[in-house]
Amino acid sequence: MGVLTKELRERLNKVSTTNVSDALDALGLKGSTYGIKRMYEGCKKIIGEAVTIKLVAAGLTKSTTHIGVNAIELAKEGDVIVIDNGGRIDVNCWGGVLSTGAKYKGVSGVVIDGACRDLDDCIELDFPVYARSTICATARGRVMEEATNVIISCHGVQVRPGDVVMGDINGVVFIPQERLEDVIAKAEELQAKEIAMCNDIKSGMSMKEVDKKYNYENMLK
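Quick note on numbering: numbering that gives the first Met the number 0 labels position 157 of the sequence shown as 156, and the sequence is numbered without any gaps.
Check the hints yourself; a few may be wrong.
Straight-line C-alpha distance at most 25 angstroms; calculated BS3-like pairs for lysine-lysine [to be verified]:
(1) 102 <-> 13
(2) 36 <-> 102
(3) 207 <-> 104
(4) 29 <-> 13
(5) 207 <-> 192
(6) 61 <-> 29
(7) 29 <-> 220
(8) 53 <-> 5
(9) 220 <-> 13
(10) 36 <-> 61
(11) 43 <-> 61
(12) 211 <-> 201
(13) 104 <-> 43
(14) 44 <-> 5
(15) 44 <-> 61
(16) 13 <-> 192
The set of hints was computed from the structure by calculation and includes no laboratory data.
With the hints as constraints, model all of the structure from the sequences given.
What follows is the structure, given as structure tokens:
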């Protein structure tokens, strides 16, 4: 069993990726990504432990299985598959067949530092996909899977198997597994502070008054 208990998952589900990103900053941790976003309207929020895939250009490694097959087999219910394709958007590395396999294995979603395709299938399956872009071109003859469940990089953020992944309308963040409870607690604290600030504004307090009351510029300290 991994670090993401039912209770911690429920607590994470009540905060946003922006709360988590702020918490990571406050704790001196790196985990926020840029440019990876949900690929279709209505794409669900995802939370889960990472099962990772490292891709390389075709011909640089030998592979006996197609991209993603091993990761889907390894994944537990609720996990998130994370693919490192170096941010490439000129080639696909995840599509409809893999989404079907992942959906029926109980995988929560996929995060791709690269491009995907077959979004119509993903929408029909209600399978969450977070990526940089979409493209028609197949992975075959272009990229191959070098390794599964190894340390990878996602937009410069180190992601290890078992680290916690969260994606929503704002983007994608990664939480180091050994700091999960610290990050959640900080995210909850910061969220509560922002809610209090907004409530004060709605009650008639000026923006300047709220800024002073909550030390807004330094709220992460």
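Quick rundown of the hints versus the structure:
1. 102 <-> 13: 23 angstroms, holds
2. 36 <-> 102: Holds - the C-alpha atoms of residue 102 and residue 36 are around 19 angstroms apart, at most 25 angstroms.
3. 207 <-> 104: Given that 25 angstroms is the threshold and the Cα spacing comes to 51 angstroms, the pair is violated.
4. 29 <-> 13: 21 angstroms, holds
5. 207 <-> 192: 16 angstroms, holds
6. 61 <-> 29: 32 angstroms, violated
7. 29 <-> 220: 16 angstroms, holds
8. 53 <-> 5: At roughly 28 angstroms apart (the allowed maximum being 25 angstroms), residue 5 and residue 53 break the hint.
9. 220 <-> 13: 22 angstroms, holds
10. 36 <-> 61: 31 angstroms, violated
11. 43 <-> 61: 35 angstroms, violated
12. 211 <-> 201: The given pair, whose Cα atoms are some 16 angstroms apart, holds under the 25 angstroms limit.
13. 104 <-> 43: Holds, at roughly 17 angstroms.
14. 44 <-> 5: The hint holds at about 16 angstroms.
15. 44 <-> 61: 35 angstroms, violated
16. 13 <-> 192: With Cα atoms ~14 angstroms apart, residue 13 and residue 192 stay inside 25 angstroms; holds.
Of the hints listed earlier, those the structure fails to meet are numbers 3, 6, 8, 10, 11 and 15, in rising order.
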